[in-house]
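Please work from the sequences and hints to get the whole structure.
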Amino acid sequence: MPVTPAALGPETVLRLEGVRKSFGDTVVLDGIDLDVARDEVVALIGASGSGKSTLLRTVNLLEQIDDGRIVLGDDDITDPRVRVDAVRARIGVVFQHFNLFPHLTVLDNVALASRHVLRQPKAAANERALEVLTRVGLGDKAGAYPDRLSGGQQQRVAIARALAPRPAVLLLDEITSALDPELVGEVLDLVRTLKEVGTTILMATHEMAFARDVADRVVFLDRGRIAEQGPPAQLFTAPREVRTQEFLTRFTAH
Amino acid sequence: MVIAAVSTVAFAALAWWAVTSTPGWSRVQFSFLDGATFASAWPRVIEGLWLNVRVLLVAAVGVAVVSTVLSALRTLRGPVFFPVRALVRGYTDLFRGMPLIIVLYLVGFGVPGLGLGIPRLPAEFWGTIALVLTYSAYVSEVIRAGIDAVHPSQRLAARSLGLSHAKTLRLVVFPQALRKVTPALMNDFVSMQKDVGLISVLGAVDAVRAAQIETATAANFTPYVLAGLLFVLLALPTIWLTDWLSARLRRREQAGSVV
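Chains as they are written, first to last, in the working numbering: chain A, 1 to 254; chain B, 255 to 513.
If you are wondering where the hints come from, they were derived from the structure by calculation, not from laboratory data.
In this text the structure is predicted, and so the values were computed from the model without any measurement.
Do not take every clue at face value.
[Stated by the list, open to error] FRET-style restraints, in silico, Cβ to Cβ:
#	chain 1	residue 1	chain 2	residue 2	range
1	A	139	B	375	52 to 60 Å
2	B	497	A	206	44 to 52 Å
3	A	233	B	332	45 to 53 Å
4	A	233	B	406	35 to 43 Å
5	A	83	B	323	43 to 51 Å
The beta-carbon is built from N, C-alpha and C at its ideal position, and this holds for glycine as well.
What follows is the structure, encoded as structure tokens:
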């Protein structure tokens, strides 16, 4: 992809520079600067409407940004000349509602991008899909259809689907919010495993305990700006900003 | 089960007696159900029906292709494609409103009469074109409804994986959309199985035309009954299949599973 050279250091996978996005008169992202390092897990926290989901959507080019730029590896992906589909193939996304393809088996769901985006032969794509499914503990469900699985299993398949094409970064958008409480654990355990083997993750979450437990860095968004960021131990126990304190108090009170 | 069987037999006997004992029954039997006319009309009508079947098969393939392309064109987003969307919309509105018989006349008699150096083609060719024009308008609307019924998050997930618009349609949207509207599509197919008899107005010697000729020769309406029954027999498997599919789809939805 020969676009504007924007090489990040070997340690930085993703960089947002002065990213702005408005919907009509509403400013959703108001100048976001954020680096994500290789194998780093960054958790985005903040109230509903603080811009977490929009931020993830701009990285995946589902929203066009108004100003600033986003760099992935060696490429400015907000350059208008960039091949959008090729960029998306390098980014894995997992959604709140799984969004598995109900007409395809679990295996075909996971192999779809390898076959039709990376254009791998069917055998290679299926082999990779089975490998990833085994890793998320669902190798035995390869032939099943998604509606036969529990919510937690479906979300694990969705994670496998995002991982199969070996993305540079994994975006997780509130991936436990639609799950029954007893199913949240298995999904969070899986994310923890991914972190251990080394996966670059940018995730929006409401699970404060989880963010604290698994994230290397927590970023608190407030009205489209990064109000505060730091290691979870510092941010959760000794937040510097008043807004962070208020948010955390409100969140733990409920 | 037993009660139903006994009741059915009793009811049928009663109906049979009621019909055959009416004063006009012998006249009806002579005019509509004459064995000798039936037998003499059979070869010609069946040969005509074979033409209907061939036209139906070719038209069905044509409709499938044209309506898929039309419904895909309507999914194109953005102001650049407005003219395309508007054109498709205009086409479907026009041909859904226009009686098939007028399309048949315009295409079958009008187009060859233009003198544009189009070689002489048989009436069934123009009849097939007219059927494809009309039915593609209906079917593309049905498919579009199916596409609309596929949740936008499916398209979102596909695009997030890096699939192009075209591949998203082909691999994710169409398979789900077609499943959702299969009963409606089958109904359109049944309807086309009947309308294929209208190509006779262009002079194609199909089952209807053959029956007309036989009726004129024998001065007896039995050939029409024969042709009608053959059309029913042709349509029955599709009708039953449609009912079975609809019932299965309904059961699945009631069971709460995703189709």
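Right, here's what the structure says about each hint:
no. : hint                         : in the structure
1   : A/139 with B/375: 52 to 60 Å : holds, 59 Å
2   : B/497 with A/206: 44 to 52 Å : holds, 48 Å
3   : A/233 with B/332: 45 to 53 Å : holds, 48 Å
4   : A/233 with B/406: 35 to 43 Å : holds, 40 Å
5   : A/83 with B/323: 43 to 51 Å  : violated, 25 Å
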